[in-house]
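Chain by chain, the residues run as shown.
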Amino acid sequence: MTEVEDTVDPTISPALRAEALESLLLERGLIDTKTIETFIRTYETAVGPMNGAKVVAKAWTDPEYKEQLLADGTAAIAALGFKGPQGEHMVVLENTPDVHHVVVCTLCSCYPWPVLGLPPSWYKDPAYRARVVKEPRAVLAEWGTELDPGVEVRVMDSSSEVRYLVLPERPAGTESMSEEELAALVTRDSMVGVTKVRTP
Amino acid sequence: MDGVHDMGGKAERFGPLPTIDPDEPAFHAEWEGKAFALALLANRVSGANLHAFRHAIERVPEPEYLSGYYERWLASAEILLLDSGILAPGAVAARAENLRGGRVEEPAVPEPHKPTMPSGGGGNLRTVEAAPAFAVGDAVTTRTSVPSTHDRLPSYARGKTGTVTALRPAQVLPDTAAHFVGENPQHVYAVEFDAHELWGADAEPFTLTLDLYESYLEKAR
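Chains as they are written, first to last, in this note's numbering: chain A, 1 to 200; chain B, 1001 to 1221.
It is worth saying that the hints were derived from the structure and are not from the lab. A hint or two may mislead.
[Unchecked claim] Here chain B is said to cover these stretches of chain A; the calculated rule only asks that three of the stretch's residues, wherever they fall, bring their Cβ under 8 Å from a Cβ of chain B:
hint : region
1    : 60–69
2    : 153–162
3    : 168–176
[Stated by the list, open to error] Heads up, incomplete: computed chain B residues facing chain A, CB under 7 Å, no partners named:
hint : residue
4    : TYR1065
5    : VAL1092
6    : VAL1104
7    : VAL1128
In this text, all values refer to a predicted model and were calculated from it rather than measured experimentally. Just so you know, even glycine gets a beta-carbon here, dropped at the ideal spot from N, CA and C.
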């Protein structure tokens, strides 16, 4: 395999490096601009945490769907039209007043793309990857999520192709809200388990 | 394998937690979107696979790895294209120089030599005929050996004992697929560890689950 150079020319910005790489592949017809645009546009607009929020809101309002979701996450999520790379086998974990799940990937940044899109900065941050597997309560508390000592904390480190979606607790005072209104409340970070969904 | 990518439990090496921006966009700059797309396409063009891509990221030198997520994706795209002979060493740097008005000679296009590992189909889920070696409830111990090649057992979980809590679908073995020597699909197990087993008596109380390939495990003695 290729010996990797120890240093990259620091005056070449990542933007210039990307442009150089793109032009080398384009001119040989190995890639095309349209595919590049499609990839970018897809993850900017069509695939993101709004998908996961729809799954969560449906599970909050439809007990039968929730049961299917917890039993076979992949199928129940696909039933809403969400599937694709980094979502081959989905496992959904329910957070309750007694059990709190939080998800990480310590070896890279594996993340359930079809339901949450591309991972946010904090999820890819070395500090999060290093700490949440050793002191999850402290990490969550720093981000404003204080868990009672009696709550069982379960950390999931994504080391295979299984991807996790956390089903957060439905906040109190939302009984009269519609599925659509509920979906608007669900945050990306609650579906990874680092925060809870707040009452509006 | 050991390396900067294996971050679990190594807080002393890194800075404080960042703040969370709930509305963070997918890409912060145009080049990040381009780097994302180019990395996925480089993987395809070079005949690589998901595991080889992850391994390429692991081979990015540490300072560059830590410079940012899409920075390391760009670097890994180059590594895969060099490995497969699609690009010559120095080609990207020379092109970058010329794009900003320089006049340097660019290396000749090499003869490609893409990997030719047979694939058992799309994705990474497979069927394994052999019966699973472990069942839910079994106590299992992870291996202690440290491969110099790609693997998916974090260092903090080497030589630790936990309990199988679920069987996952069988999957392509990253250890061999990353090096194009075969898919070798294996059974995969969700293994739950007690925090005290991983971090000692003073650890916060919690459990941690890893999804582990069968060859990483043996029955606990």
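Hint by hint, which ones does the structure fall short of? 1, 3, 4, 6, 7
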